[in-house]
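Quick mapping for you: the protein sequence lines, in order, are chains S and P.
Heads up: the first sequence begins at 1 in the working numbering, then just goes up one per residue.
Heads up: the second sequence begins at 425 in the working numbering, then just goes up one per residue.
I should point out that these hints are in silico values taken from the structure, not numbers from a laboratory.
A virtual CB, placed ideally from N, CA and C, is assigned to each residue, including glycine.
Hints may be right or wrong, so weigh each one.
Below are the DMTMM-like pairs computed for lysine to aspartate or glutamate, each with C-alpha atoms no more than 25 Å apart in a straight line [to be verified]:
| hint | chain 1 | residue 1 | chain 2 | residue 2 |
| --- | --- | --- | --- | --- |
| 1 | P | K539 | S | E35 |
| 2 | S | K128 | S | E207 |
| 3 | P | K432 | S | E265 |
Here chain P is said to cover these stretches of chain S; the calculated rule only asks that three of the stretch's residues, wherever they fall, bring their Cβ under 8 Å from a Cβ of chain P [as the list claims (entries may be wrong)]:
| hint | stretch |
| --- | --- |
| 4 | 5-19 |
| 5 | 53-62 |
| 6 | 149-159 |
| 7 | 237-250 |
| 8 | 259-271 |
Looking from chain S toward chain P, a few residues come up when the C-beta cut is under 8 Å (computed) [claimed, not checked]:
| hint | residue |
| --- | --- |
| 9 | F22 |
| 10 | I37 |
| 11 | I39 |
| 12 | V40 |
| 13 | V42 |
| 14 | A43 |
| 15 | Q44 |
| 16 | T47 |
| 17 | L50 |
| 18 | I230 |
| 19 | L231 |
| 20 | V234 |
| 21 | L278 |
| 22 | S282 |
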Amino acid sequence: MMTAFLFATLLLLIFINVPIAFAIGVACMGYLWIEGINIVLVAQRMTQGLHSYPFLALPMFVFAGVLMEHGGITRRMMRLANAMIGHIAGGLAGVTVVGSALFGALSGSAIGDTAAIGSIMIPAMKAKRYAASFAAALQGCCGVLASLIPPSLTMVILGATGNISIAGLLLAGLVPGILMSLSLIAISVVISRRRGYGGGDMADLRELTLAFLGALPPLLLPVIILGGIILGIVTVTEAAVLAVAYAFILSVVVYREVRVSALPEIAFQVVRITVPVLLIISVSYLFAWIITTERVPQQLTEFFASVAPTAIIFLLLVNLLLLMVGTFMESNALIIILIPILMPVVHAYDIDPLHFGVMFVVNLCIGANTPPLGVTLMTASRIAEVPFAQTSRAVMPFLGAMVVVLLLTIFFPSLSTFLPSVLM
Amino acid sequence: MTLMLTLKGIVIQILRWCLTIMILGMTLLILGQIFWRYVIEAPFVWSEELSLLLMTWITFLGSALLLMRQEHLGIEVFVEKLPEPAARLCLLVGQTLVLIFCLCLTYGAWILVEKTRNSITPGLQISVAWQYASGLVGGILMSVVTIEKLALILSGRDISVLQK
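Only chain P is shown next, with the shape it has when bound in the complex (with noise of 0.2 Å):
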């Protein structure tokens, strides 16, 4: 248990920092890109590509980071009001549709980064799966989020973690 605990810990702070280095160097991609433009002259191709590339995993990977804080836009004024055993339902409910949307999303962007494996993006002469791999590693970061949340309505332990 506290190997799990540890184990999450980690990856939170790994999460944290690619999310920061990845808005940082999308910042200075796009800077770059007008310096190079209007003062060299020399516009790079391939660095509008890189920023949306970025923008994708940034989406993806902190999805899953909000995730778990509980950060997303969302109504809770209803749900609040309602006695605890109608909430707890409510939220089993509501987190098992989620769950398996993510799962949805694991599986259909599985699908496309071995589709897409052999593709090339025209700019940065990578493989278009990079793309679709955002979706595959944040979904399986998502859905393990989810279990957790589910394992605690379960478990029957306080849930207004869950509320906020």
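Extracted from the complex, chain S is given alone in its bound form (with noise of 0.2 Å):
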């Protein structure tokens, strides 16, 4: 009953424009207040929710991402990836997709990636007579490649949510991934040829040579944090850290785009970025004790033996549900707020932590562009200056792409668990 409450003021308070991390803080004080809990759990829990080492990753992680912006790198990304696809039709949009990829394995956040290349990507589809609206939906399908790609900031809160291994759950989500890519060029490819979106000339080699040298530095990266996590001698928030002291010497020091001088400029955009998702885990930990106290994950545990007989049923509906509120809810906050009622079902299952992570991420990538509220949708309508209804339509058969994705990394466990379990 009080969960039920507990749901309705913070569905309510977000649908009134109450910023998300403050509707869940309003509605555990709600629920703190009826029950007569002492109020003060609400500054002791979120003080402590930000207490989490793995954590500190994220605002270095954000940081590297930042760097790389302004230091030119988003633009050598593009030069590869137009390099090697821009010449086949609906080419343009294949670079919008491999580009996004490669730079999302840099900054790792959805709207970042989003917003960085949209605002290059778009205005040169458009250009080449695409239509805005699918230039949006396709942008907006594309940021949330950041995720499943390492070093993906999502699956570093997931892990230290669910307590599964970061390193392992950075590497699980690279197949999905590349498969989401595909999918994505296929749907673009297809949809190109019909309305006549052309290529362009292809590079020589020369050319391809000389994108591929310029973008290697930075392709290193994601190879030296993997590599520094998965060997074992740092930890995710030393690999991200020692990511910014490399994008830090590349930009500044190699490629000479950024001053020292526009540094706290630069730190300052990092707090932008970061704070809102600290602020979101912060109060997200006090929700968590509610539903621990309140007997949640046992609940849901007998609910799910009573209606789903086996793991597969179990994880579709969990699907279901996760694809309803993922429309409207903020993905870092599902995280911490689902996790820990479901990772007991989970290993009652006997279901790899592993594959549940990633089916869950892609699951939330999914939401992220599902009208009438997905954020990256939202922002990459916002760059190309379509109305949101319009790229709503166009989004669709990327969607439809993306839900067979979904249901591949379901129902084959080993796209996920194959990498984690021979290099680990």
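Both chains are given apart, each in its own frame, so use the hints to dock them into the complex.
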């Protein structure tokens, strides 16, 4: 009963434009007040929630990403992507996907990527007479590749809250991430052929080599990060800060596109991107306390045991639930609220946590692009200057492709678990 | 009134600089930690604790600044579609609840600061109260920001700045 109150208040507050972090906070406060629990718990849980060493990786990965963006690295990634597949029909669309996958591997945040790459690719696509709504829809879907391809912030948060190996999750997301990229390219090529969105000239070998060499130093970054973590030399947080150091050397010393005097401005941008996420993490920790006190995980386990005889049915039910809530809830908040509730059930069904984690993230990616509220889709729509309603229609085929990838991830656990089992 | 505005400007500038310095400091600290552990092979015991303390302060102070700049993640599409009086009412209800929440955070943090004043942390050897003081300062700042917004809503002036 109280759980229903909690969720209803939360939704209502979100609809009346209370920022998500505060909506969670207010709902929890109401619960504590009704139940007569000491209100000091709010401050205590919120402070304690931030006291987790892996979370330090968040600001650091964002820092590396912002440095890369200012350092002209986005441009080098786009050039490589263009040299690789710019010539096929719908080539620019393909470039957007490949570029987002490559760059997403650096910045690790969906909305940040959508803004960074979208501001380059959407005008470029519009200039080549792609429909603006198509460009926006594609870019929105590409933004989420950052959540699947390492080093992804989403995976760090997931691992830290669900007590799942972060290194394992980073590797596990790779194959579904590549599948997702391929399916987005396939859909764009089909649509582009039909509507006559043209390709460009084929890059000669010289351009291909130059583009590759130019993009090589930043491409080494994910290798360094993953290598360091897998070999157990550094923790995730330390790997993230090494990424900052590497990005700093590249953009300030090697490419010389960032001046040292611009550093305070860049650092403040990091604050602007990470603080909202950190505040959500902080209040979600309070929310998680209430959920545990209300014995929601136990009730949920019993509920699923009665309706879902097998693990697959359980997974399908969870996905249905996620697809619904994912359309209006922020994905980090969803992870912190739902993962502690669901993990005991996952263990009860004997499902591999890596498989479950990746499936969860793929699902959130779909939610972030589902009208009426998908956040990344909205960001892309704003950059493309098209009404959201048009983008909402244009995104449908892409959503279809994403659902197919989701189903593959659900039914073939080895897509997620194969790489970690071989490499770790 | 002009005095208030100048004061507000100064507080914003101070916050901005504090946040910038803290995030740069945190980065150097973790970098230093790796260096000392692998190169000099003499890890410091307090660096992890200090970086977490900095992150807590960054979150609460940053939240206050972003609240002022309307940069927290939220969903505005529904309120935007409402006619003006209804939108104003929604914002009024929402912001009042946010204010109560911020006061609640401030009160709780104050109690915790009082309680933990004499406990000492294992690494840094400073009072545990420093950790909770972030919620106290952040809570006060967020309350002030919210009161300012409430004043704007109640004054009947244009509220479009709050709907971004």
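Going through the hints against the structure:
Only pairs whose Cα atoms come within 25 Å are accepted, and K539(P) paired with E35(S) is accepted, the gap being roughly 24 Å. Taking the CA atoms of K128(S) and E207(S), the gap is about 21 Å. The hint holds against a cut of 25 Å. For the hint linking K432(P) to E265(S), the alpha-carbon distance of about 20 Å falls within 25 Å, and the restraint holds. With a cut-off of 8 Å between beta carbons, the stretch 5-19 of chain S has 7 residues touching chain P; three or more are needed, and the interface restraint holds.
Given a C-beta distance limit of less than 8 Å, the hint that chain P covers the stretch 53-62 of chain S holds, as 5 residues qualify and 3 suffice. Chain P is given as covering the stretch 149-159 of chain S, and this is violated because 0 residues of the stretch bring a CB closer than 8 Å to a CB of that chain, at least three being needed. By the rule of at least three residues with a Cβ nearer than 8 Å to a Cβ of chain P, the coverage given for the stretch 237-250 of chain S holds, with 6 such residues. Restraint check on the stretch 259-271 of chain S versus chain P: 6 residues with Cβ-Cβ distances below 8 Å, three needed, restraint holds.
For F22(S), the shortest C-beta to C-beta distance to chain P is roughly 5 Å, which falls under 8 Å, so the interface hint holds. With a least beta-carbon distance of about 12 Å to chain P, the hint placing I37(S) at the interface is violated under the 8 Å criterion. Interface restraint check for I39(S): the shortest CB-CB distance to chain P comes to about 6 Å, inside 8 Å, so the restraint holds. Nearest Cβ of chain P to the Cβ of V40(S): about 4 Å, under the 8 Å cut. The hint holds.
Because the smallest distance between the Cβ of V42(S) and any Cβ of chain P comes to about 5 Å, under 8 Å, the interface hint for this residue holds. Hint status for A43(S): holds, given a least beta-carbon distance of 3 Å to chain P, under 8 Å. Proximity of Q44(S) to chain P holds as hinted, the smallest CB-CB distance being about 6 Å (cut-off 8 Å). Using the Cβ-Cβ criterion of 8 Å, the hint placing T47(S) at the interface with chain P is satisfied: the shortest such distance is roughly 5 Å.
Residue-level restraint check for L50(S) holds (minimum Cβ-Cβ distance to chain P is 5 Å; threshold 8 Å). Because the closest C-beta pair between I230(S) and chain P is about 17 Å apart, greater than 8 Å, the hint is violated. Interface restraint check: L231(S) against chain P, minimum CB-CB distance 13 Å, threshold 8 Å, status violated. Because the smallest distance between the Cβ of V234(S) and any Cβ of chain P comes to about 7 Å, under 8 Å, the interface hint for this residue holds.
Evaluation of the L278(S) hint against chain P yields a held restraint, the C-beta minimum of about 4 Å falling below 8 Å. The beta carbon of S282(S) is positioned within 8 Å of a beta carbon in chain P (closest approach about 6 Å), and the interface hint is therefore held.
Checked against the numbered hints above, the structure breaks hints 6, 10, 18, 19 and satisfies the rest.
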